[in-house]
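**Student:** Below are the chains, spelled out letter by letter.
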Amino acid sequence: MNDFSIIIQILWTGTAMSTFYVLFTVAFALPLKIAQLWNFAQAGFMGIAFYTMYVAFDRLYLPVWAGLGCGLVATIAFTVLMERYGLQTLRTRHASILHFFIFTLVLSEFVAYLLMLLFGTEPVTLFPSVLSPVHIVANIVVSDWDLIALSTTALLLLALLGFLRFHRDGQFLMAVADNGPLAELYGISAKRAYLVTMTIASVFVCVGMYLFGTRAGIIPTTPLELMLVAVIATLLGGIGRIFSAALAAVVISLVQSFSVLIIASAWQNLVLYGFLFFTILIFPRGFRIPRRIKVAPRPAAGDV
Amino acid sequence: MHYIYSLLVLIGIYVTLSASFNLIIGNGGLISIAHPIFFALGAYTAALFAINFGVPVLFSIAAGMIVALGSSFALSLPALRISGDYLLIASIGFQLGLVQIIKNLDFTGGAGGLGNIPSVLSGETRDIAFAVGSLGMALVVVLIIRSIIRSPYGSAITAMRDDELAFVSLGRNAMAIKLVIFAIGSGFAGLAGGVYAYYYLYLSPDQFEILQSATILTMVVVGGMGSTLGPVVGGILLLALPQAITFLQLPPSIMGPLQGMIFTLLVLVFLFVRPQGLISTKRLHR
Numbered sequence: 001m002n003d004f005s006i007i008i009q010i011l012w013t014g015t016a017m018s019t020f021y022v023l024f025t026v027a028f029a030l031p032l033k034i035a036q037l038w039n040f041a042q043a044g045f046m047g048i049a050f051y052t053m054y055v056a057f058d059r060l061y062l063p064v065w066a067g068l069g070c071g072l073v074a075t076i077a078f079t080v081l082m083e084r085y086g087l088q089t090l091r092t093r094h095a096s097i098l099h100f101f102i103f104t105l106v107l108s109e110f111v112a113y114l115l116m117l118l119f120g121t122e123p124v125t126l127f128p129s130v131l132s133p134v135h136i137v138a139n140i141v142v143s144d145w146d147l148i149a150l151s152t153t154a155l156l157l158l159a160l161l162g163f164l165r166f167h168r169d170g171q172f173l174m175a176v177a178d179n180g181p182l183a184e185l186y187g188i189s190a191k192r193a194y195l196v197t198m199t200i201a202s203v204f205v206c207v208g209m210y211l212f213g214t215r216a217g218i219i220p221t222t223p224l225e226l227m228l229v230a231v232i233a234t235l236l237g238g239i240g241r242i243f244s245a246a247l248a249a250v251v252i253s254l255v256q257s258f259s260v261l262i263i264a265s266a267w268q269n270l271v272l273y274g275f276l277f278f279t280i281l282i283f284p285r286g287f288r289i290p291r292r293i294k295v296a297p298r299p300a301a302g303d304v
Numbered sequence: 305m306h307y308i309y310s311l312l313v314l315i316g317i318y319v320t321l322s323a324s325f326n327l328i329i330g331n332g333g334l335i336s337i338a339h340p341i342f343f344a345l346g347a348y349t350a351a352l353f354a355i356n357f358g359v360p361v362l363f364s365i366a367a368g369m370i371v372a373l374g375s376s377f378a379l380s381l382p383a384l385r386i387s388g389d390y391l392l393i394a395s396i397g398f399q400l401g402l403v404q405i406i407k408n409l410d411f412t413g414g415a416g417g418l419g420n421i422p423s424v425l426s427g428e429t430r431d432i433a434f435a436v437g438s439l440g441m442a443l444v445v446v447l448i449i450r451s452i453i454r455s456p457y458g459s460a461i462t463a464m465r466d467d468e469l470a471f472v473s474l475g476r477n478a479m480a481i482k483l484v485i486f487a488i489g490s491g492f493a494g495l496a497g498g499v500y501a502y503y504y505l506y507l508s509p510d511q512f513e514i515l516q517s518a519t520i521l522t523m524v525v526v527g528g529m530g531s532t533l534g535p536v537v538g539g540i541l542l543l544a545l546p547q548a549i550t551f552l553q554l555p556p557s558i559m560g561p562l563q564g565m566i567f568t569l570l571v572l573v574f575l576f577v578r579p580q581g582l583i584s585t586k587r588l589h590r
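Quick note, the sequences are listed as chains A and B, same order. For the first sequence, the numbering used here assigns the number 1 to the initial residue and increments by one for each residue that follows. For the second sequence, the numbering used here assigns the number 305 to the initial residue and increments by one for each residue that follows.
Honestly, I wouldn't trust all of these hints.
DEER-style ranges, computed between Cβ atoms [as the list claims (entries may be wrong)]: (1) A:Glu122 - B:Val577: 32 to 40 Å; (2) A:Asn179 - B:Arg454: 52 to 60 Å; (3) B:Leu545 - A:Ile97: 26 to 34 Å; (4) B:Ala544 - A:Leu147: 52 to 60 Å; (5) A:Ser129 - B:Tyr506: 36 to 44 Å; (6) B:Ala544 - A:Asp178: 19 to 27 Å; (7) A:Ser151 - B:Val577: 42 to 50 Å; (8) A:Phe278 - B:Ser423: 36 to 44 Å; (9) B:Leu505 - A:Tyr85: 41 to 49 Å; (10) A:Ser151 - B:Gly475: 31 to 39 Å.
List of simulated lysine to any residue pairs, SDA-like, C-alpha gap at most 20 Å [said to hold, decoys possible]: (11) A:Lys191 - A:Thr214; (12) B:Lys407 - B:Ser508; (13) B:Lys407 - A:Pro123; (14) B:Lys407 - A:Ala177; (15) B:Lys407 - A:Lys191; (16) B:Lys407 - B:Ile421; (17) B:Lys407 - A:Ala266; (18) A:Lys191 - A:Ile97; (19) B:Lys407 - A:Val260; (20) B:Lys407 - B:Leu505; (21) B:Lys407 - A:Thr121; (22) B:Lys407 - A:Ile97.
Honestly, the hints are just simulated from the structure, not real lab data. Even for Gly, the Cβ is constructed at its ideal location relative to N, Cα and C.
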């Protein structure tokens with residue numbers, strides 16, 4: 001491999017590896033846009049999704065579709081319960097933002113401890129082997145996992161775009177995001193919108209954890225670290241801009257991948273934390289490409 | 305008796321941690337989960353000063369406190385410049401990032417931990433001295449925080465927390481108050497870290513992981529956020545409570561997560577059933 005091939009290889013692998021980051025980011029950015037919720041409980045969803053699938057595959061020997069189905073059911077059930085009995089109660093009480101933060105974060109930590117108790121702290125993967133068949137395309141190694149991950153992510157993003165644009169429920173979500181009280185005046189149920197939002201987020205989280213778990217091992221605290229990427233990407237993409245956040249997740253993944261060229265792998269995770277501070281310092285409201293404003297020509301005095 | 309003294313030392317350390325965290329989250333309304341890393345910075349600084357330079361105990365603990373206090377600005381300055389919400393996000397990164405750095409540096413002992421911390425005193429005298437010292441530290445910290453909160457500056461802190469917009473529109477500098485509160489709270493966490501290092505003589509990055517924040521948060525929420533006595537009650541209660549489980553003789557792989565689950569579950573229960581905690585601020589002011 002020459003230098004150019006190495007760069008293209010890193011670009012390809014980095015893009016493929018960004019897929020689960022993209023899914024986690026969308027799952028984080030969506031409740032933030034619709035329900036104005038910094039959902040730190042997402043790390044809990046991620047843990048539940050992963051370990052449910054782990055039990056399904058590793059202990060019950062279920063096929064992929066059944067294991068993924070179990071993961072989806074468990075994650076959706078958890079999120080719906082959290083939304084119904086946790087978040088809605090806090091909203092009814094007009095709880096402060098501090099209480100929402102504490103609730104979501106501590107719920108994540110509770111799940112992490114529960115998973116630690118049940119599964120220990122040794123890293124586990126969804127399947128005994130994380131190797132995937134590879135093909136050489138134009139001197140670049142392309143694995144089946146890469147293709148599955150990229151196509152699944154693209155499909156889910158398109159489905160979400162279509163849902164938000166064309167489906168009635170999706171349009172209701174956008175209405176609640178824009179102005180919740182006004183949407184309710186028009187008969188749109190904000191509670192239902194929040195439930196739909198959390199359900200969609202669960203689907204993204206579960207598929208993301210499937211992709212991650214077929215590529216790498218996790219311990220119960222790994223979701224907290226993975227969630228941080230989603231938080232950074234959401235900030236970098238700009239709060240309320242779901243697809244920009246997804247794009248930011250790809251950028252973060254690529255920066256992390258290319259960092260192997262200049263720093264030791266032991267320090268690679270620090271790139272992420274550097275990114276966080278860089279984002280907060282330079283782009284706290286997200287990165288925006290400045291638009292050129294078209295100035296209308298002034299009417300001549302004689303035209304008036 | 306060693307067991308009792310050891311428990312008293314821990315109570316002193318955790319009351320200091322929860323009281324200082326309460327100053328940040330309860331009184332200041334600033335949400336951060338990086339308190340364990342300031343505790344770690346204090347502990348590692350004190351230990352490294354003692355190991356490498358033979359600095360006397362009090363000076364190395366003071367150095368730990370100063371390092372924790374100083375490094376708090378690295379987190380609070382960029383984050384609070386935007387809004388309080390960003391502090392939580394930045395604190396997650398700060399906590400995870402610094403633990404990662406500690407794990408990768410040779411001079412901190414890496415992931416294997418840092419030993420060879422010189423012991424001061426020995427035998428039962430050591431236990432008694434540390435128990436008295438640790439409880440004394442907790443008492444002094446709680447009294448300092450109490451005096452801050454009851455002073456005119458404390459009224460400004462409360463006003464800033466309750467309505468920042470109105471506070472700023474009166475010409476007051478909310479940012480300066482937030483930075484000061486955060487620095488004082490973090491400095492006290494560093495102080496507790498120094499005592500911890502000298503008592504246990506061994507430090508490992510795992511002792512300061514992000515999940516440790518749940519323990520401190522539980523003490524604050526259960527005791528009563530914003531009240532001076534709340535974290536003291538919470539700290540004592542939540543350190544005494546797990547002792548009941550220790551008699552079950554469970555292996556550490558079960559004990560650790562079980563304690564963590566009890567702590568986090570308590571936070572959740574209190575959040576919904578008694579959000580004001582065991583000691584409510586309103587009752588105290590009546």
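**Student:** Take the hints in turn and mark each one as holding or not.
**Tutor:** These are the hints, each one checked on the structure:
Checked against the hint of 32 to 40 Å, the C-beta distance between Glu122 (chain A) and Val577 (chain B) comes to roughly 36 Å, which is consistent with it. Roughly 43 Å separates the CB atoms of Asn179 (chain A) and Arg454 (chain B), a value that falls outside the hinted 52 to 60 Å. At roughly 29 Å, the beta-carbon separation of Leu545 (chain B) and Ile97 (chain A) lies within the given 26 to 34 Å, and the hint holds. Against the hinted window of 52 to 60 Å, the Cβ-Cβ separation of Ala544 (chain B) and Leu147 (chain A) comes to about 57 Å, which satisfies the hint.
For the pair Ser129 (chain A) and Tyr506 (chain B), the beta carbons lie near 38 Å from each other, so the given range of 36 to 44 Å is met. Our hint of 19 to 27 Å for Ala544 (chain B) and Asp178 (chain A) is violated, since their Cβ atoms are close to 51 Å apart. Remark: the range hint 42 to 50 Å for Ser151 (chain A) to Val577 (chain B) is upheld by a beta-carbon distance near 47 Å. The hint said 36 to 44 Å for the Cβ distance between Phe278 (chain A) and Ser423 (chain B), and at roughly 43 Å that hint holds.
The hint said 41 to 49 Å for the Cβ distance between Leu505 (chain B) and Tyr85 (chain A), and at roughly 46 Å that hint holds. Between Ser151 (chain A) and Gly475 (chain B) the beta carbons are some 58 Å apart, a value that contradicts the proposed interval 31 to 39 Å. The hinted pair formed by Lys191 (chain A) and Thr214 (chain A) fails the criterion: a straight-line CA distance of about 35 Å is larger than 20 Å. For a cut-off of 20 Å, the pair hint linking Lys407 (chain B) to Ser508 (chain B) stands: about 9 Å separates their Cα positions.
Taking the CA atoms of Lys407 (chain B) and Pro123 (chain A), the gap is near 18 Å; set against the 20 Å cutoff, the hint holds. Between Lys407 (chain B) and Ala177 (chain A) the CA atoms are separated by roughly 42 Å; this puts the pair beyond 20 Å, and the hint is violated. Using a Cα cut-off of 20 Å, the hinted pair Lys407 (chain B) and Lys191 (chain A) is violated, with the two alpha carbons roughly 44 Å apart. Between Lys407 (chain B) and Ile421 (chain B) the CA atoms are separated by roughly 18 Å; this keeps the pair inside 20 Å, and the hint holds.
Proximity of Lys407 (chain B) to Ala266 (chain A) is assessed by CA-CA distance (about 9 Å); at most 20 Å being required, the pair is judged to hold. A distance of roughly 18 Å separates the Cα atoms of Lys191 (chain A) and Ile97 (chain A); the hinted pair therefore holds under the 20 Å criterion. Proposed proximity of Lys407 (chain B) and Val260 (chain A) is supported: the alpha carbons are some 19 Å apart, at most 20 Å. In summary, the hint linking Lys407 (chain B) to Leu505 (chain B) is supported, as the alpha carbons are separated by about 18 Å, within the 20 Å threshold.
A distance of roughly 17 Å separates the Cα atoms of Lys407 (chain B) and Thr121 (chain A); the hinted pair therefore holds under the 20 Å criterion. For the hint linking Lys407 (chain B) to Ile97 (chain A), the alpha-carbon distance of about 33 Å lies beyond 20 Å, and the restraint is violated.
Of the numbered hints stated above, those contradicted by the structure are hints 2, 6, 10, 11, 14, 15 and 22, listed in ascending order.
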